[in-house]
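When you get a sec, could you build the whole thing from the sequences and use the hints?
There are 2 protein chains.
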Amino acid sequence: MKLFESELKVINIGLESFRQGLNDTGVKNVQVQFKPPLSQEAALFAKAAKFSARIEKANAKAMEKILAAKPALVGMGIALDVIPGMKKNLILHAGPPVKWPRMCGPMRGGIMAALMYEGLAKDPLEAEALAASGKIKYEPCHEHNAVGPMAGIISASMPVFIVKNEEHGNYAYATQNEGLGKVLRYGAYSPEVIERLRWMEKVLYPTLKDAIEFLGRIDLKSMVAQALHMGDEVHNRNRAGTSLFYRAIAPAVINTSRDPGTAAKVLEFINGNDHFFLNLSMALSKASLDAGRDVKDSSVAVVMARNGTEFGVQLSGTGGKWFTGPAPVPDALYFPGYTKADANPDIGDSAITETNGLGGFAIAAAPAIVQFVGGKAADALNYTLAMYEITAGESNIYKIPALDFRGTPTGIDVIKVAKSGILPFIDTGVAHKNAGVGQVGAGVLSAPPEPFAKAFEYFAKNLK
Amino acid sequence: MKLFESELKVINIGLESFRQGLNDTGVKNVQVQFKPPLSQEAALFAKAAKFSARIEKANAKAMEKILAAKPALVGMGIALDVIPGMKKNLILHAGPPVKWPRMCGPMRGGIMAALMYEGLAKDPLEAEALAASGKIKYEPCHEHNAVGPMAGIISASMPVFIVKNEEHGNYAYATQNEGLGKVLRYGAYSPEVIERLRWMEKVLYPTLKDAIEFLGRIDLKSMVAQALHMGDEVHNRNRAGTSLFYRAIAPAVINTSRDPGTAAKVLEFINGNDHFFLNLSMALSKASLDAGRDVKDSSVAVVMARNGTEFGVQLSGTGGKWFTGPAPVPDALYFPGYTKADANPDIGDSAITETNGLGGFAIAAAPAIVQFVGGKAADALNYTLAMYEITAGESNIYKIPALDFRGTPTGIDVIKVAKSGILPFIDTGVAHKNAGVGQVGAGVLSAPPEPFAKAFEYFAKNLK
Numbered sequence: 001m002k003l004f005e006s007e008l009k010v011i012n013i014g015l016e017s018f019r020q021g022l023n024d025t026g027v028k029n030v031q032v033q034f035k036p037p038l039s040q041e042a043a044l045f046a047k048a049a050k051f052s053a054r055i056e057k058a059n060a061k062a063m064e065k066i067l068a069a070k071p072a073l074v075g076m077g078i079a080l081d082v083i084p085g086m087k088k089n090l091i092l093h094a095g096p097p098v099k100w101p102r103m104c105g106p107m108r109g110g111i112m113a114a115l116m117y118e119g120l121a122k123d124p125l126e127a128e129a130l131a132a133s134g135k136i137k138y139e140p141c142h143e144h145n146a147v148g149p150m151a152g153i154i155s156a157s158m159p160v161f162i163v164k165n166e167e168h169g170n171y172a173y174a175t176q177n178e179g180l181g182k183v184l185r186y187g188a189y190s191p192e193v194i195e196r197l198r199w200m201e202k203v204l205y206p207t208l209k210d211a212i213e214f215l216g217r218i219d220l221k222s223m224v225a226q227a228l229h230m231g232d233e234v235h236n237r238n239r240a241g242t243s244l245f246y247r248a249i250a251p252a253v254i255n256t257s258r259d260p261g262t263a264a265k266v267l268e269f270i271n272g273n274d275h276f277f278l279n280l281s282m283a284l285s286k287a288s289l290d291a292g293r294d295v296k297d298s299s300v301a302v303v304m305a306r307n308g309t310e311f312g313v314q315l316s317g318t319g320g321k322w323f324t325g326p327a328p329v330p331d332a333l334y335f336p337g338y339t340k341a342d343a344n345p346d347i348g349d350s351a352i353t354e355t356n357g358l359g360g361f362a363i364a365a366a367p368a369i370v371q372f373v374g375g376k377a378a379d380a381l382n383y384t385l386a387m388y389e390i391t392a393g394e395s396n397i398y399k400i401p402a403l404d405f406r407g408t409p410t411g412i413d414v415i416k417v418a419k420s421g422i423l424p425f426i427d428t429g430v431a432h433k434n435a436g437v438g439q440v441g442a443g444v445l446s447a448p449p450e451p452f453a454k455a456f457e458y459f460a461k462n463l464k
Numbered sequence: 001m002k003l004f005e006s007e008l009k010v011i012n013i014g015l016e017s018f019r020q021g022l023n024d025t026g027v028k029n030v031q032v033q034f035k036p037p038l039s040q041e042a043a044l045f046a047k048a049a050k051f052s053a054r055i056e057k058a059n060a061k062a063m064e065k066i067l068a069a070k071p072a073l074v075g076m077g078i079a080l081d082v083i084p085g086m087k088k089n090l091i092l093h094a095g096p097p098v099k100w101p102r103m104c105g106p107m108r109g110g111i112m113a114a115l116m117y118e119g120l121a122k123d124p125l126e127a128e129a130l131a132a133s134g135k136i137k138y139e140p141c142h143e144h145n146a147v148g149p150m151a152g153i154i155s156a157s158m159p160v161f162i163v164k165n166e167e168h169g170n171y172a173y174a175t176q177n178e179g180l181g182k183v184l185r186y187g188a189y190s191p192e193v194i195e196r197l198r199w200m201e202k203v204l205y206p207t208l209k210d211a212i213e214f215l216g217r218i219d220l221k222s223m224v225a226q227a228l229h230m231g232d233e234v235h236n237r238n239r240a241g242t243s244l245f246y247r248a249i250a251p252a253v254i255n256t257s258r259d260p261g262t263a264a265k266v267l268e269f270i271n272g273n274d275h276f277f278l279n280l281s282m283a284l285s286k287a288s289l290d291a292g293r294d295v296k297d298s299s300v301a302v303v304m305a306r307n308g309t310e311f312g313v314q315l316s317g318t319g320g321k322w323f324t325g326p327a328p329v330p331d332a333l334y335f336p337g338y339t340k341a342d343a344n345p346d347i348g349d350s351a352i353t354e355t356n357g358l359g360g361f362a363i364a365a366a367p368a369i370v371q372f373v374g375g376k377a378a379d380a381l382n383y384t385l386a387m388y389e390i391t392a393g394e395s396n397i398y399k400i401p402a403l404d405f406r407g408t409p410t411g412i413d414v415i416k417v418a419k420s421g422i423l424p425f426i427d428t429g430v431a432h433k434n435a436g437v438g439q440v441g442a443g444v445l446s447a448p449p450e451p452f453a454k455a456f457e458y459f460a461k462n463l464k
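Residue numbers (our numbering), protein chains in the order written: chain P, 1 to 464; chain R, 1 to 464.
Incorrect hints may appear among the rest.
All copies of an identical chain are treated as equivalent in the list; a pair is satisfied when it fits inside any one copy or across any two copies.
Derived lysine-lysine pairs resembling DSS-like cross-links, with alpha carbons at most 25 Å apart [what the hints assert, rightly or not]: (1) 376 / 399; (2) 70 / 57; (3) 265 / 209; (4) 433 / 340; (5) 50 / 399.
In short, the hints are calculated from the structure, not lab data.
Listed below in structure tokens is the structure:
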């Protein structure tokens, strides 16, 4: 009977909604954060524990390579000429493999835009028919050393940046960012979209190509390091990265462009688009993470990518195998006139930035992003702090001022994710679910559990 | 006797050094921050309290004007042509009035550089003799609607930015920033210093002047607001401000410059100097604060400025009167080979940024600055939070991400300073104490008490 006479002191473990009644009636209570593990296969956790020394050594090796990467922008070229395995009838897309019938609206819209841009279709109807005909092949950007934001469409004639990892010699490729509004990567395919792509090919590309050749190389790694000190996490916020790139490229553009009018227009285009740097931060991340691939027994993720239907993960220790599950719909700030009901599930290769310790993992450097979805500066710190729980290391270069210049949490360890139930935190743009509309918002989300559970189980089963 | 039997619990008020013995012997204690008021004249505090309603109304009026200011860069010109009261034999300097015999080394060095630049002396010896001859007149920049960093020297032929407060119609002027190393504003006068000044007059100035005319105006207020979201406090850190200015001006420079080579050199000069924006943030602050001048009964500071010998303050309610005291030597990160013994006392008009709620008052936006003098990110937050104790308002435009976008503490109320003993926190560069050397470090400091005590006493005595 003593229990009911004395003051009640409650410890609530896990689901916070159970606290509400206690809070409402003024009963003292303490919340213990707890999430169940992602996998129910206890034997696999035991097996991973048994192999832990070997896994840790493998992860250290993968991390050393990822952190030592020296990604620099060294040139530009046309996709068909420079991307390994690129073909005229091949279209690269974001995320894990997906064929036309299962593709989401914005990816279909992006492909239709690309087919019209390539001159293979004269209008949307023709483009849709061709896209579904079987004459066009589809493969993930990630399987061609490339990355693309949102729909992530790369077709044969598109110009791409060439990023070289100068430490390990591998390359990564990404298109030029189109800006906001009606753009291919969000699934729009109206004439203005195609026209802009042509201008980007005929004017923007040759101008930037010459300027980059004039400079020889642009050190992207130090640029990202500085951008993190300037309020960017280089995924949803790229104002500083774009500014620093602009400062580096402008004098070279003037020195090499065919006429001052062209130089001014090219710089105005970049100045008008604070996301211009995104594609470069993605290529930098891709070039860094590819160096950490194929380390036997490493449980570190080297890819997180979404095709708008599924969310896919690849691990260093499991080669080219994709682990997938349904892509969730982000919490977002929606543009006027749109709601979550309009939103396509999460899409794009841009989660390569989080995989590389940037984006949502570095959100403590960019509290402005949390604020626009209703959060506080302290939430931004907490999101980043939580990511240290599931990462194998910390960046030696990318550092967060508000955390006393601690390195960003880097190298997602799928065992830690599976054990803790803490899922990677991702910043993202939001596309309308229908082809032809475009962007409807920007927000944040946690990665879905299924790909990580599958990746962990496959990884642990195959340890021997 | 009971006191000595029970556990000792100590409250320590004021000087923290008294706690050391308690801490060393493990005695529980609590520290209460307390500083004695700056003025011992209790009757004056009582008088200020009696007039408090009227003072508050006056301060609200001054704050409304300061916060409503709309400073924009609208043009450039030669000092003699555009600065009110400028003359050929007049040299403007930083801080409160000071004549040659009492001037510090770096101010003397800057004046010698200016006399050689003007062609009035052919070498340092001749310049020094002329400077001391009585033929050259000296007046504060602040008395000519102008501001200058460090020595703050403006001579007749120097080009200046013209910043207009578009809300109230007043103007402010500042020179172009020379960059780091051996530069006039830190008291250097070697041939490379004079040569750079000539290039700035013959190439940089006409190029920027044409570009600004082409654009019509550049909105400095929104640029500073953005820079605070990008790790700047626009006093000791201007990387973001410089980047944003560069992005705005570059296409105009290309469109208007006489040839691409000149355009490229001008942009490379700005790109090579992350402090280029400082002089603009100072002129923006001056244009804003001058709008708040001469409000009867207002105890809000409209100037804090140092000439390297004395630190001076002006209040809205006390007209052009200067309140001064000895300038302190900053805590700083010294460049290799230099120590605090080499440092000149605090110098420059750049504390106009703090007076305007920026710089040290906004240091929570720029933790990198605190780190280089050995502090933590939390210290940066605390410095800014302390400034809310002594300010009359908060900015409606300049906001700090890490404080959930709270407006910066703005408008130093000298009564609050005198009562609390909390002194304005200032970021600063450090000049060598001898003429001809240049910068030896960068750091932070609290303003000295004397000018604020004097300002408060004069203000309170004259209330009627």
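#### Entry: Hint check, failures only
Going through the list in order, the structure violates hint 5 alone and respects the others.
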